[in-house]
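Trainee: In the order they appear, the protein sequences are chains A and B.
Residue numbers for the first sequence follow my numbering, so the first one is 28 and each next one is one higher.
Residue numbers for the second sequence follow my numbering, so the first one is 28 and each next one is one higher.
Think of the hints as simulated: they come from the structure by calculation, not from any bench.
These numbers were taken from a predicted model, which means no experiment stands behind them.
No false leads were slipped in.
Just so you know, same-sequence chains aren't split out, so a pair can sit in one copy or run between any two.
The calculated EDC-like cross-link candidates involving lysine to aspartate or glutamate, where the alpha carbons are at most 16 Å apart (straight line), are:
| id | residue 1 | residue 2 |
| --- | --- | --- |
| 1 | K414 | D392 |
| 2 | K84 | D597 |
| 3 | K309 | E253 |
| 4 | K414 | E659 |
| 5 | K263 | D678 |
2 protein chains.
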Amino acid sequence: MALDRLKQAVTHVTGIGQPPHPFDPLSETEIEKAVAVIRKEYPNVFFNAVTLWEPRKAEMMAWIKDPEHTPRPHRIADVVCIGAGSKVFDGTVDLDEGKLLDWVQTEGVQPLITMEDLQIVETVVRKDPKVIEQCGIVGIPPEDMHKVYCDPWTIGYDERFGTGIRLQQALMYYRPHVDDSQYSYPLDFCPIYNSDTQEIIHIDVPKVRRQVNKAPPNNYHAQAIEAEGGFRKDLKPIHITQPEGVSFTMDGRYISWQNWKLHIGFNYREGMVLSNITFNDKGNVRDTFWRLSLAEMVVPYGNPEHPHQRKHAFDLGEYGGGYMTNSLSLGCDCKGAIHYMDAAFVNRAGSPITIKNAICIHEEDAGILFKHTDFRDDSCTVTRARKLVISHVFTAANYEYCVYWIFHQDGTIQLEIKLTGILNTYAMNPGEDLHGWGTEVYPGVNAHNHQHLFCLRIDPNIDGPNNSVFMVDAMRGDGEVGSKENPYGNAFYAKKTKLETPEQAKTDYNGATSRTWEMCNEGKINPYSKKPVSYKLVSREVPELLPKPGSLVWNRAGFARHAVHVTNYDDTQIHPAGRHVPQTSGTPSQGIPQWIAANPSANLVDTDVVLWHTFGITHFPSPEDFPVMPAEPMTLLLRPRNFFTRNPCLDVPPSYCSVPSGVRQGGALVDGISRLAFGGGEKKDGGKGCC
Amino acid sequence: MALDRLKQAVTHVTGIGQPPHPFDPLSETEIEKAVAVIRKEYPNVFFNAVTLWEPRKAEMMAWIKDPEHTPRPHRIADVVCIGAGSKVFDGTVDLDEGKLLDWVQTEGVQPLITMEDLQIVETVVRKDPKVIEQCGIVGIPPEDMHKVYCDPWTIGYDERFGTGIRLQQALMYYRPHVDDSQYSYPLDFCPIYNSDTQEIIHIDVPKVRRQVNKAPPNNYHAQAIEAEGGFRKDLKPIHITQPEGVSFTMDGRYISWQNWKLHIGFNYREGMVLSNITFNDKGNVRDTFWRLSLAEMVVPYGNPEHPHQRKHAFDLGEYGGGYMTNSLSLGCDCKGAIHYMDAAFVNRAGSPITIKNAICIHEEDAGILFKHTDFRDDSCTVTRARKLVISHVFTAANYEYCVYWIFHQDGTIQLEIKLTGILNTYAMNPGEDLHGWGTEVYPGVNAHNHQHLFCLRIDPNIDGPNNSVFMVDAMRGDGEVGSKENPYGNAFYAKKTKLETPEQAKTDYNGATSRTWEMCNEGKINPYSKKPVSYKLVSREVPELLPKPGSLVWNRAGFARHAVHVTNYDDTQIHPAGRHVPQTSGTPSQGIPQWIAANPSANLVDTDVVLWHTFGITHFPSPEDFPVMPAEPMTLLLRPRNFFTRNPCLDVPPSYCSVPSGVRQGGALVDGISRLAFGGGEKKDGGKGCC
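Taking the hints into account, I'd like the entire structure generated from these sequences.
Mentor: Now the structure itself:
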């Protein structure tokens with residue numbers, strides 16, 4: 028019975044149609060094909076990425092509009108390879124024609140670090156005599172080198188080493204036992220690793236030395252909890268079942284649910300990519316967004332001492348949110364009836380590999396959708412909400428990022444991100460003054476202040492690609508109290524500032540005015556409100572980038588200088604900190620600042636634009652975040668405003684509905700449990716609802 | 028079977044122990060007793076409120092500490108009565124002794140409007156010749172007066188009529204059919220009603236007249252939806268079941284759940300009141316908050332034209348969040364295994380009345396509680412979260428407010444409020460310029476801009492009553508890029524400003540610095556971080572009060588002038604806009620401004636303080652909010668910081684746990700579905716988790 032339920036509850040698809048949809052990620056077969064084409068001409072390169080070169084927007088829009096009479100966009104692979112001597116090659120392969128379209132050696136860049144790049148460093152570090160020497164200095168004898176671990180980040184940028192050599196910095200840890208959490212035992216020195224030669228080329232050693240922590244392990248695995256008294260026994264099960272299955276349908280990687288339809292893509296860099304998102308408005312299929320993705324992020328740490336300025340991971344651009352994605356499990360990551368999608372990548376050797384269950388799709392009950400009771404007679408309508416959740420979880424060394432795209436019946440799209448996992452930590456001496464740059468979260472463990480700043484790429488398509496963006500502030504009306512225009516001083520309104528050029532569109536958050544940004548189609552006016560149809564970005568977790576203007580992070584993470592940037596659409600502008608992020612110096616700043624500088628006064632009005640939104644949190648650690656952090660959620664909304672002529676979910680069956688005339692309506696709509704709650708299946712009080 | 032499940036799923040208590048706990052709301056019997064005591068001496072008064080006069084804090088803390096040797100606080104009723112000529116009496120009755128303790132006639136105030144006060148106005152309005160005349164002017168013939176409705180708000184304040192007479196303003200509507208939503212048919216004039224004489228004393232008539240709307244009805248009841256094509260049929264059921272029941276236990280109105288314990292009170296004014304909230308920290312029962320409640324709110328509307336300046340409802344102080352509470356239903360308002368509590372009030376005649384199922388208590392699955400995967404070997408721990416939700420829903424004429432107090436396993440307390448119901452609307456002529464003060468949400472319907480500003484009363488008890496409050500801002504470190512102290516410009520820290528006096532503690536929100544406020548016990552230092560134990564208020568929906576300084580709303584709603592006020596604890600200071608709110612002029616401003624002005628430089632450091640937090644949203648309506656608004660959520664958190672020495676929920680059984688040594692741990696902890704997902708109950712891959 029339980030097994031049956033499981034079988035029913037889990038469905039699984041490769042998510043590739045036959046033939047693949049132009050938006051589909053490359054299949055394993057396609058990856059193999061791309062590799063074969065390249066191998067024929069360049070047999071000695073390693074593969075960094077083989078991913079979908081997305082069809083150009085104009086071509087794709089034309090094909091979607093009239094697939095019968097428009098050439099189907101070719102399947103093209105976007106390839107990054109690495110040759111001897113840290114040489115980087117960028118290429119494209121036409122898979123339909125089986126031919127190499129482009130192949131260039133790109134100078135002065137380093138592509139991202141793959142999981143394979145990460146894995147090898149620990150082995151090298153453990154054998155390096157200078158590392159062994161440093162370990163000895165902090166109290167780890169040579170025979171314990173197998174207990175030494177490292178999280179091998181990209182170097183970020185270090186002015187001493189520049190961009191020419193592919194480098195990683197090894198954040199060092201120690202584990203008394205293989206199962207102990209290493210983040211309680213950070214080491215104080217930092218080896219620099221050359222990925223090309225696979226050797227340690229330098230070690231950054233602090234002036235003040237710190238011995239390896241002597242505190243007992245601080246673990247959260249089951250054995251440790253059991254040794255401390257065991258698990259709590261007072262949680263009763265909650266079962267979530269969907270005996271008739273899910274309410275969505277899949278056509279390849281297109282999902283249809285509650286008037287929404289969209290394509291779910293995935294790549295090694297951004298993870299989930301949602302494309303061609305439409306809403307069926309009473310038979311009229313309306314465009315909302317052409318493409319939504321988390322396009323970049325940066326995690327600057329706030330300790331000014333060398334070499335901590337290098338700790339500012341671009342987790343997507345330097346490692347890849349797709350590459351780091353978890354294989355998800357029913358009952359662990361998601362509950363209910365789950366639909367999974369796999370993700371296929373290339374490995375260093377050029378073979379396709381697949382992460383099973385990379386994307387989880389499921390529905391959840393979402394509480395009250397709407398409700399109103401008439402106080403005169405208690406007549407009442409109450410309708411429950413459902414939401415669709417499309418999620419993936421990725422592990423960036425110590426941290427976990429859980430990304431949830433949530434679709435609501437009222438036309439709202441929500442992005443929720445939960446942060447969990449483990450704080451990045453650094454060694455400290457007993458009683459050491461941390462100067463406010465970090466917190467002692469456990470004896471001998473300093474967790475540095477940091478920010479998690481995400482860059483959301485929003486390509487609006489509000490009833491078509493020609494859109495404009497307005498900044499909206501809640502403002503007091505003109506005129507002082509007692510004036511003719513504002514006699515009682517209560518006037519207020521939404522001040523809308525049109526963002527006409529990329530330079531002017533660099534805008535910051537203002538909490539006091541509840542600032543939002545509206546993406547409008549000025550060519551489509553709501554017949555009731557006479558305002559342009561729009562979607563509004565409502566985002567409230569919008570800290571400033573705290574590293575100063577001119578600092579390394581500020582230079583490298585140009586996207587994070589403002590809450591919002593707006594640019595003209597360009598097929599090649601996907602990555603807000605640049606295509607290849609590791610070891611960029613930030614001078615000049617890649618990505619958004621570069622694009623804007625190229626034409627700061629370009630027209631953004633009534634044209635195809637992209638809105639880049641940076642949001643996130645500033646985290647001052649505390650002991651309750653350790654040894655593993657309870658999930659901290661943050662969220663933002665894309666809400667339809669003046670888009671519909673009416674609440675678009677009035678036709679969701681209510682749980683209960685009675686009207687003043689005393690006729691109980693919609694009896695058949697009320698679900699079993701609700702009907703029972705209202706009195707054994709029959710409503711006996713003629714509409715005097717107890718709702 | 029379904030009925031069995033229902034029986035199992037719903038439990039219900041009166042929530043009054045024997046004898047009642049000193050925090051318990053008055054029972055029906057106690058209300059009767061209080062009324063009898065008063066009736067004996069004052070037989071001709073009407074009852075406005077009979078509620079618990081809460082035990083004084085010092086007395087109550089002493090009794091809780093040592094109930095065996097401390098006198099039990101008496102049960103005392105707090106009574107408001109109204110006599111002929113709008114005379115107001117405030118009194119207290121000792122129920123243990125059956126005697127009247129206090130009885131004073133209070134001059135110049137008006138107590139709140141009850142549901143009974145509301146009901147009568149419509150009848151009077153329909154018969155008033157001047158109202159009938161006005162209806163004729165806007166196109167409603169005398170024979171249709173039964174189709175005329177009103178929402179009879181308090182008058183708020185009108186300088187022409189002052190405070191002496193008890194007044195209401197009748198917001199007028201029309202219904203073509205009794206089941207039609209009246210908010211599509213607002214009328215343009217506003218009668219003023221004298222509650223004492225039960226007559227219309229004045230009608231405010233606008234200069235520009237507007238005929239009653241001719242648009243067809245805009246309804247959301249089942250019959251209307253069926254007539255338009257019916258309900259969507261593609262939603263499959265989601266069942267949420269708890270076959271072993273809930274994970275909490277009740278002792279009277281004390282609830283214990285996942286280390287939390289607290290008392291759930293309820294009164295006519297604030298609705299839910301949570302008292303004596305403790306967290307069992309590994310056997311050490313620690314105080315967190317003495318009392319939490321939504322204490323007041325105001326909804327200012329932004330149209331400056333007379334008489335719309337009067338539209339700024341104090342829904343708690345002028346009507347009562349408890350009085351307006353809904354009777355909740357399984358499957359409509361909540362799902363799963365539900366525990367309900369009733370609420371007892373007095374009616375005008377002095378009889379006790381009970382709203383069944385006023386409070387809903389239930390648990391929900393809450394996604395990932397924490398997760399970490401080691402990228403080296405995919406060893407992984409993932410644990411799912413549970414939350415406890417204590418909720419009530421109240422209807423304030425057109426709007427619904429759904430209030431959810433949510434307790435998390437990690438020590439976080441969350442307040443979530445969902446707004447639904449119907450926009451307040453006003454008449455407009457075709458093509459009328461609304462000057463940006465409102466939106467035409469349906470032909471002929473003007474929904475004015477407004478704010479919903481809530482005042483949360485937080486009485487912290489962070490390891491005891493002596494607390495201090497700090498304002499915390501994320502700030503850049505000193506020193507420019509290249510300076511000795513900040514060479515790379517990446518330094519940032521949490522700047523903590525101690526709020527030492529009530530005057531200094533008037534503080535506003537700052538989104539750019541992610542401002543929070545910490546309630547600390549400076550006498551208790553976290554042994555790891557060396558910082559005071561604290562709870563942090565994290566609130567991001569904090570607009571400014573938009574009515575200007577000196578305006579009517581600014582004067583009356585003093586609490587809303589700043590995001591945070593801090594005052595010294597005073598047993599009598601519960602209501603931030605005053606005990607009796609209707610018809611206050613705001614000069615002087617009642618409640619918080621008055622209390623602070625009495626001693627602006629009082630010491631707030633390391634003493635018993637109360638933090639008042641005003642938060643909410645500014646709402647610029649749009650057509651998708653009409654004819655009934657999809658629920659709009661807002662939320663805030665009280666998060667433990669430096670309170671625990673460790674993540675306090677590590678002992679929640681994980682869904683899955685594997686460790687690098689390859690030993691799969693906690694096998695018995697994994698629930699059935701997860702075990703199946705991991706391979707038929709046995710983990711076969713030696714800890715290489717697919718988690």
